[in-house]
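Student: Each chain, written out:
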Amino acid sequence: MIHLWLPLLLVCVLAGAGAYGVIARRNAVLVLIGVELILNAANLLFVTTASVRGDQLRTGYVLTLFLITIAAAEMGVALAVILALFRDRGHIDLSEPGS
Amino acid sequence: MTTLDILFAAVGLITAASAVLAVTTHHLVHAALWLVVTLGTLAGCYLILGAELVALVQLLIYVGAVVVLVLFALMLTRAPIGSSPEHSASLVQRVAAALIGAGTTALFASVLLPALGGELRTTRAGDTQSIATQLFGSWVWPFELLSLLLLVALIAALAVSRMPTTPTIPTTPMIPTTLTTRTSVDDIPAKTGGESA
Amino acid sequence: MILLFAALAIPAVAGTALILSGRGSRPLSGGNANMLSLVASLATAAFVLAAVIARPVVDQQWLPSLGIRLQFAVDGISAPLLILTAALSVAVVVHAGSRPPHGGSPATFYGCLQLVELGALATFFARDAIIFYVSFEIVLIPMWVLISRYGDSRDLVARADASGRFVLFTVLGSTLMLIGILALVQASGTASLDALAASRGAGLERHTQIIIAALLLVGLSIKIPVFPLHTWLPPAHTIAPTAGSVMLAAVLLKMGTYGVVRLVIAPLPIGFGALAPAFAILGVAGIIWGGLACLVENDLKRLIAYSSVAHMGFVVLGLSSGTTVGLQAALFANIAHGVVSALLFFLVGGLKERWGSADLATARAALREVSPRLGFALIVGFAASLGLPGLVGFWGEFLAMYSAWNPAPDRPLLLMRVLVVVAVLGAGVAAGYSLRVLRLIWSGDRTTPAHTDARGGEWSVLAVLVCSVLVLGVAPGLVLNSTAKDVAAITAEVSR
Amino acid sequence: MSDSVSLSAQVVILAPFVAAILGLLVARNRPAGALISIAGAAVSLVAGAHVLYAIHHGPFSPEVPTVGPLPLGQLKMPLTLLVDELSAIVVVAVAIVGLAVQLFSQWYLHDDDRYGVFVASVSLFLSAMFLVVLSGDLVLTLIGWEVMGWCSYLLIGHNSRKESANKAATKAFLVTRIADLAFVIGLIILASGVSTTSITAVIDGWPDLPAASLTAAFLCLLIGVAGKSAQFPFHDWLPDAMEGPTPASALIHAATMVAAGTFFLARLFPIFVLSDPARLALAMITAVTMVGAAIIAFGQSDLKRMLAYSTLSQIALMLSALAVAPASVGAGPGVLHLLSHAMFKALLFLAIGWLSVLVAGTAAAKMSGGVRYHPQLRLPIAIGLLALAGVPPLVGFVSKESILGAAYDNVTELGSLSGWIVLVSFGVTVVLTAAYCTRAWLVLTHLSPADEAVRRASLAASRTVVDVSLVEIFTEPAPGTVRDSSGTPGQPAAEVEHDHGHAGIFPGARVSIGALAFLSVVGGLIIFTPLVGVEPHLVWGLAASSLLLILVAWLSVRRMAAMNSSGDAADFLGARRIALFDRGFGVDGIYVAVVSPVVRLARIVVTADRDLIDASVRSTVVATRWAGAASERAHTRKPSDYLVWLLLGLLVVGVSGVTLW
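Chains as they are written, first to last, in my numbering: chain A, 17 to 115; chain B, 133 to 329; chain C, 531 to 1026; chain D, 102 to 762.
Think of the hints as simulated: they come from the structure by calculation, not from any bench.
Hints may be right or wrong, so weigh each one.
Quick list of simulated restraints, FRET-style, between CB atoms [claimed, not checked]:
| id | chain 1 | residue 1 | chain 2 | residue 2 | range |
| --- | --- | --- | --- | --- | --- |
| 1 | B | L231 | C | H737 | 36 to 46 Å |
| 2 | D | S296 | C | D589 | 51 to 61 Å |
| 3 | D | V696 | C | L600 | 20 to 30 Å |
| 4 | C | L943 | D | F607 | 36 to 46 Å |
| 5 | C | G986 | D | P160 | 24 to 34 Å |
Result set (EDC-like, lysine to aspartate or glutamate): computed pairs, CA atoms no more than 20 Å apart in a straight line [claimed, not checked]:
| id | chain 1 | residue 1 | chain 2 | residue 2 |
| --- | --- | --- | --- | --- |
| 6 | D | K268 | C | E899 |
| 7 | C | K1015 | C | D829 |
| 8 | D | K739 | A | E112 |
| 9 | D | K177 | C | D1016 |
| 10 | C | K1015 | C | D605 |
| 11 | D | K739 | A | D71 |
| 12 | D | K268 | A | D104 |
| 13 | D | K177 | D | D305 |
| 14 | D | K268 | D | D712 |
| 15 | D | K268 | C | D605 |
| 16 | D | K177 | D | E164 |
| 17 | D | K177 | D | D377 |
Since the model is a prediction, treat every value here as computed from it, not as a measurement.
C-beta: ideal position from N, C-alpha, C; glycine also.
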């Protein structure tokens, strides 16, 4: 038995922290960290709802697994982009105006 | 307060704290490491919620792979070791970030907590076997698509990192040609081709 | 039904074919294109005439999911406009025969004319609000091509300006109209113009009617054009080639007033009634404004464009009165302005080619001395333009003023009467500018620089238009009898 | 019988209309043009005579259809003609003058290259005049009324190579047109009261309607009538209109169009009498015009212009009859004077036109002694002037005395102010008319060739007329002789005679002058026959006293003339004052003062159109560009800024989604 407000509150905090990270950071990699936090908030929400609903298809769990996979793929591509950016400009500071 | 509540509260507190630290610390590498803590404790949360498989996959992929990628990226982009406050944004931006972050939290809280927050539930076992059955049964086509996605992402990452740096191409400004600017005959989009005759 | 489709298909096919052939590596020569276009216009005119006589009705399912039906028909109100459009399309081609268009392939020029005709005919045939809108828009691009490519190439900035203005104004207007149409169709649940007219706004709240009517009126006012929205017209007329000016003044402007009758007055009588005083004020302001501008304007084409604004003001005044007389007056003035402005633009277009410009400040040979045919056409044209009784321009103006003097019971009587007095002054100003033009270019003793008189196609077009001015002026019943029944249905008045 | 009346009435209008169109088609062919135009007028005369005959001899339907009624909902517009005695007799009179003018112009314009166009315009004019006379519908009246104005414009500007003619034509049309604006409103008021434009219905219906509206309608109509009939303050166009060829002046600006207002008011007389304020207004207008114009006429140095001013005065006279005639008397006296004036004034114009060809000018100095040199003109001019002065038994006497009788009846029966005004101004006008007639006659018969050169010189000095460039007409020969004597001003008249002399005048022209002279003499007697249907009402005491006044005027003008070597009584006034008279006391300046603000306003409008209305349109371009530039600035190209906006946007979407769901 668990009170649902606990995991839900964590979802909110993670999402908020992620949003903060996305905006407040200038380094592209750190922005990505914010994005990951938001993603994980979503994951936690899936798992929480799946745990209390428990449908036949196990949708919540399965989608969480998918999301983790997608996050990995996304991370790979994103980091490649960041590296390309770094090679191009010499920095990955998002507060610098682009060309 | 049930046992699970207390357990979750403890783990969740660590998760939240480390998440906040991950987005606020001035050490770049620390940020990545606080991310490890967040993701790891989140796996603990999954366990408490009864999703063993998800927790394991979280550890395996996120903590094991993604964070390593992040650390590599930090190193390859010559991230400074130690505190580097110059990497955090201006005060205005941070205030905006705090407001938006708080807003996001409030928004989610205002939606989720009234909807589900008051409920006291047993955590149904997200047992591995049933998940596996469903994953390779009902969800097999999306699953296979996902593997394709991974492959594509892999190739894309490779392609992007090998992309030659190109000189920037100036884009033509879109200025309306009518009304004020002098337009030559050629500027007006030709409706017909056979002018020469 | 086959008549109706043929009348629309011929210009569509001919226009597309001409434009395509203008794009090829070996475009059609001017003479051939003119011939093809002439044949197409004549055939179209024949089918339009047959359709006007036979009055076919087309009503077929078209897009059931959107509730749009393929509805075309001819009634008394659209019949004169259809004939005017078809006849002027022929006249335009005949007139252009001896003067190849400059600025691009002749085939494209004639193709665009055909498409303009298609759009105008389809607008007047349409009995579905959505199809009305689509037809209304078909005209836009070919007209833009005519102005921007075949217009006066002496001043390219002015040409780009004029064509840009034309498109932007018109698109703004038709967008507002589209919103209005959609709101109307949504609110009343049908897109059929006949059903809308029959319902007479039943079931629509007063404020709904007012809002929809306002949207439609503003949109259509740009096309008409009504006073403060008229500034696109003078440049467009000045720049456009003769054929473009004629189609613009004689056909396109009519689509605006026709739209007011079909989309506003018939389906939204209460909403229009509430807005009619403002509409009438703007119309009368246009009469005075356009007339005064004509008094000092030095470009002849611009002058006629401003006089168009003034003449359309009388149409607006007639429409606003809300009586059978007013609607009859407006529809007649519509046709009258079509004929007169066509005559004047043919004339002035020809003069501009001869003179090299349309500037009135330059001393020219007196038309009466060197080119009596042009002089005669000019004097008839301006006599009609100043509303001389016995010519076509008179009936619309007089009846519009009568109707505004005795407006429908829900109109403010005193205001309308004051407007009549002001409009009458506008008629006086019209006499002033007409005589001014005649004094400047018709009379006098200069015979240099000499120019040729009208002959051949140009003269036959002018002569036919002069004859129409006279015939319709002497026998206005030709048009009024055609429109009477349907107008009475719209106003639903009990004849005293 | 009724069918033939209808047909004839239609033919009266159609014949000259067809003649006008055919005449335009054959404008280059002089004989054909002459034939068509004369035939058109002749057919109208015959048809008109038939109508006049037929309506006295059998039943007929007064309402004659034209192009059929127009379907206008609650407004009935039958567009019918109205045939009765009044219209029939005026039709005949107009047709006579019209035919005479057509015959005369065949000679007068025989070397004019635009003869064909001229006679076609005259034919069109006749058609319009017949339409006004026969009209049974206010709209038909308006059509004829305005078409007449347009023809007048074309005919005054006939010699469009001459700037002064163009100016005079423009002025004439504009002044009348502006007055007609009020006329249109008056017609609209009349028609809207009874929801029909039929004149009979208007006359039947209005007595039951509010008198204030009726007065308003008639005041508007009076403005139109004053414009068309050249009454004060619109009168100044008519003297300038003398720029037109003399036949046109005779027909339009003397006999018919300018008198159409009288006819129209006579037509509406049954309801016009109901409006006392309108009648008073008319009485005042006409009193000012008849006295003022007669005074100006006396001082004119140009005899054609003198006739023009005399026309103003005479038309004021006939209108004043309508202003004062009691309902029991009816419109008879006014119409009577219309008819008689048409005859003798057309006669005078044609005769003076003839003389002007012989002496190559219409200035008093050129015409001095003209009748002595050309005695064949002595009789027509004498008859015309005597009739104009109102000497018995000529037609002018009868008609004038009946107006006097009407005014007397008014004073005795009603005792209204307008009756007194008219009576007094009539008395003054009688004296003045006799004075200028005497003066004209003395000038025309003056014989002092020795003084010729002196007089020419003195006249040249007085000719600093700055009116609408009318000075040309004084210094140039009449339009018909432009080619003959151009370049040799001051040429002796005798040389011109080779081309245009008495030997050359066509028989038709002579016959037409003779016929008009005959009618001017016997017309007074015809009036007493029942054919005309108007019973003249003479007050013998007043008639005798007016004759006495005429005699006094005659004697005093003779005396004044004898004191001058030139024989011109007007020289008594002095050259400077004559110049003032020639300018018509500078009324033209008032018109300029009215027009120039309009032109200034027009310039403001054009400026405002460009700098206010169109500027607001152009400002949308500026605004769009500014908005584009602003939003371009908002794009800092810094990704972190974009991220702020992105997340803020998402948050807003989320919040609005939650709150609005």
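Student: If a hint holds in the structure, say so; if it does not, say that too.
Tutor: Hints, verified against the model:
no.	hint	in the structure
1	L231/B to H737/C: 36 to 46 Å	41 Å, holds
2	S296/D to D589/C: 51 to 61 Å	39 Å, violated
3	V696/D to L600/C: 20 to 30 Å	57 Å, violated
4	L943/C to F607/D: 36 to 46 Å	60 Å, violated
5	G986/C to P160/D: 24 to 34 Å	56 Å, violated
6	K268/D to E899/C	17 Å, holds
7	K1015/C to D829/C	42 Å, violated
8	K739/D to E112/A	6 Å, holds
9	K177/D to D1016/C	18 Å, holds
10	K1015/C to D605/C	9 Å, holds
11	K739/D to D71/A	45 Å, violated
12	K268/D to D104/A	82 Å, violated
13	K177/D to D305/D	15 Å, holds
14	K268/D to D712/D	33 Å, violated
15	K268/D to D605/C	48 Å, violated
16	K177/D to E164/D	15 Å, holds
17	K177/D to D377/D	29 Å, violated
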